[in-house]
Amino acid sequence: MAPRASAVPHRLGGTLAYAAFALLAAVLAGALPLSGYALNILMQATTYAVSVIGLTVVLGLCGQINLAQAAFFGIGAYAVGLGTTAWGLDFWLCLGLGLGAALVLGGALGASTLRLGGHYLAMVTISFQQILTLVLVNWIPVTRGPDGVPGILRPAGLADGQRYLAFCILALAAVAYAVWRMPDTRLGRAMRAVRDNELAAGVVGVDVYRTKILAFAIGALLAGLGGGLFAGGFAYISPDQFTFAESVVFLTMALLGGVGSPAGAVIGTALLILLPEWLRFMKEIPGLYLALYGLAVILIIIFMPVGIWGFVGARLARFRKAAPAPDRAGDLVLARAAPGPHPALEVVGLAKHFGGLKAVDAIDFAVARGGVHALIGPNGSGKTTTLNLLSGLYVPTAGRIRIDGRDVTGLPPHARAAVGLGRTFQNIRLFRSMTALDNVIVGAERPDNPAGLADAGALEARARAALAFVGLEDRADEPVASFSYGHQRLVEIARALAGNPVLLLLDEPAAGLNASEKVALTALLRRMTAKGLTILIIDHDMTLVRDVADRITVLNFGRRIADGDAAAVLREPDVIAAYLGEDAGQGGAGRAEAASPRPDLAPV
Amino acid sequence: MDLVPQLLFTGIGIGAVYALVALGFVLIFRATNVVNFAQGEFSMVAAFLMVVFAVDLGWPYWLSFLAALGGMAVLGALFNLGVYYPLRHRSYLPVIISTIGASILLANTTLALYGPQPQVLPGWFETQGILAGGVFFDSQYLLIIGVTAVLVAFQYWFFEHTLVGKKLQATSQDKEMASLLGIPVAGMIMLTFVYSAVLGGIAGILVAPVLFVSIGMGSTIALKAFAATIIGGFGDVTGAIVGGLALGVIETFGAAYISVPYKDALGFLVLVVFLVVRPQGLFGERVAEKA
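In order, the protein sequence lines correspond to chains A and B.
One point on numbering: in full-length UniProt numbering, the residue at position 242 of the first sequence is 242, and numbering is uninterrupted.
One point on numbering: in full-length UniProt numbering, the residue at position 184 of the second sequence is 184, and numbering is uninterrupted.
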């Protein structure tokens, strides 16, 4: 939900400095004379922070809420607690069991709900949290009920409290480093894409459902790890440490520090564990604490949605040295449309009914390889519905869709992207908190990209080449939210091009562009087809359609009324009538929306 | 006494409470496209207001009732201004988190002011109830069922047959268009929050004599009501009512025949089954986002 405010330590030096700092902290924790009180505070902060970093992944990176973080924390803690006492198992084995249980339960819980909206997820996680508390309290033969589990053991060699703390600090440092690097991995980019725009992520080739489940499971796993370490640290656990109130505490920690980065998680955890210690008097009134936490959540969300680290990090970023400018971007290579036996796209008897409305009514058409095919028709003729059927956003009522000879009718959007379908949207759908480059890299990462991008360097080079192709290589590292409307449209096209599609769908690319931008768009389309790309374009702008289209399919009221060579189609009386109304001769246009294309429809 | 009809009656009584809270959920969801996670706290706060007025201050029951509902109207307005309105142009996630924060704030402020001991609120009637045909009809449950029926009828009439109701419907369907037509959208949303708070308050006051008045009652009721809306179909008024009643009955039978401590878990199981098998609920339609 918050833009990622931190840069990844690209340079080896930064990583080494970080490792040295973590080692130093661990050595100090092991060697300094700590009071029992200080040891407890540090132990709690360290293990909690691991769990809060889980929220960085699920909420910060992937934009999915989890209000059961304390439940997963509890699962890890009870695995270690019961395992080392009642079952007599080795600490490491118990920790592994706890991690496994948290991962599996997290994945299963996510799988049941993540296809649906965020509201469901919030309520289902709250419910899960309540159930777990019920089970911990009531299933006395196994969990020992409200009395809790005493006498939890630590692993051999780490029995001493300070040595164990040093180990926990190293574990926290490792987890924080992994999550710090995560945004620039393939999975991390997919998560950010899902967070910013689920629909576009799917169309670009990200398996949205799988990505969300992974994020949710990783978040649960980290909570389980934190909980397991917590149980070893305190030697005693009870159900009241893993209630919904604690889930809220975890959430507040993540939001206060900044949910976009593990640094924020650590800051938020440290503050909310230390502050109450300094303000002990508040503990005398039950409820006052959590009331303030609740208030803090509202105030942070309204006034400081990026949290402390997000706020500070954005200011620090100004002083950071800009990354060295990359070499001149290479030329964009697109695989030529090979003259195969199949057309790029084949649509047979495609229909979509919304109740009684036949938005698309059994249409057939084929898009041959190479060149521009236009799909036109008055407003309400079914063009956008057709496009949504093609990219898998709607399930057709009847009919088949074949791309490059493969039947994709039953496939979800991301699987169609893998077959080679690229698309842009009429109302631009970019990943708004990401840079232009990251947007395009997500496109280049589409499964089975024929450009065959082996490593991160090749991926970035391809993304830069695609941006250069649309003329935006100089702004590659800027966030797309700062781009003009026309430039955002170009980034969307570059994102699709980077995936090297067999067929590119352009949904009204000229909408909202001014005259000179339209001229540039026409030139861009010509350059794309010159590279051998096959394009299916929908647009109202008849000048553009006449300039670029080789073939045209015309829809009206959900039916195909013309199909064929562009010049011939535009001369057909049915087409002119559909656009201008039956009595076109008297100038009385039947459909208001036909007003703009009218002047261009004069004899071609 | 016959057990099955007795359980059925109790189940419908408790289900009517879930239905009332679920209606509040649905109204706010339809007006703002956001689930209000503090809806259950409206019930809890109203029950505590009732305890303060009717028990602590000794006011007549009807006067306490009106005063508590007045308090809920004010709370609904403040809630809109402080929790929803500043975030109205952001995505749903910040709003969800904000209402969760509000739920925690309300529950724990009440805890800080009133302490952790559960309170007892007497019922509206002196008589416990009547025995008829082997079933004991508890007077409070009869009241709950009656009030729910009246409120549902009122709501139907209000939305379908009054101008304000139609403006509210227009607002929930398309805010931009509604505002172009001169409907005061901000005012309509304010009205929704006030009405939902009062509705949740009525549910809380009605159920208080049956349960204890406790800090946790809000979140318990809210979870059930949410499950009811999913069972019924999100955003659908009929669905909320049917879902609420169904859940009340399932839960009552579950407690009698399966396990008392885990009766809350049963509601959750039904919820998950519906999410997996029929996420659009009994009455809802599957809606896809438009590209």
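The hints are simulated quantities; they were obtained by calculation from the structure and are not laboratory data.
Watch out, some of these pointers could steer you wrong.
Claimed, not checked - No more than 35 angstroms apart at the CA atoms, straight line, and that leaves these computed lysine-lysine pairs for DSBU-like:
| hint | chain 1 | residue 1 | chain 2 | residue 2 |
| --- | --- | --- | --- | --- |
| 1 | B | K175 | A | K518 |
| 2 | B | K166 | A | K358 |
| 3 | A | K518 | A | K358 |
| 4 | A | K358 | B | K175 |
| 5 | A | K531 | A | K518 |
| 6 | B | K167 | A | K358 |
Said to hold, decoys possible - A partial selection of chain B residues facing chain A, derived with a Cβ cut-off under 8 angstroms:
| hint | residue |
| --- | --- |
| 7 | V35 |
| 8 | V83 |
| 9 | L87 |
| 10 | L93 |
| 11 | I96 |
| 12 | I100 |
| 13 | A102 |
| 14 | I104 |
| 15 | L105 |
| 16 | G146 |
| 17 | A149 |
| 18 | F268 |
| 19 | L275 |
| 20 | V276 |
Claimed, not checked - With beta-carbon atoms standing in for the labels, derived distance ranges:
| hint | chain 1 | residue 1 | chain 2 | residue 2 | range |
| --- | --- | --- | --- | --- | --- |
| 21 | A | F303 | B | P5 | 39 to 45 angstroms |
| 22 | B | V210 | A | D407 | 57 to 63 angstroms |
| 23 | A | D565 | B | F158 | 55 to 61 angstroms |
| 24 | B | Q117 | A | K283 | 14 to 20 angstroms |
| 25 | B | P86 | A | A568 | 54 to 60 angstroms |
| 26 | A | N138 | B | A132 | 46 to 52 angstroms |
| 27 | B | V273 | A | F281 | 32 to 38 angstroms |
| 28 | B | N33 | A | F303 | 19 to 25 angstroms |
| 29 | A | R186 | B | N33 | 45 to 51 angstroms |
| 30 | B | F158 | A | G356 | 26 to 32 angstroms |
| 31 | B | P86 | A | H342 | 42 to 48 angstroms |
| 32 | A | F281 | B | A186 | 27 to 33 angstroms |
| 33 | A | G356 | B | L113 | 46 to 52 angstroms |
Cβ atoms here follow ideal geometry from the backbone N, Cα and C, with glycine treated the same way.
Hint numbers not upheld by this structure, sorted from lowest to highest
16, 17, 21, 26, 27, 29, 31, 32 and 33
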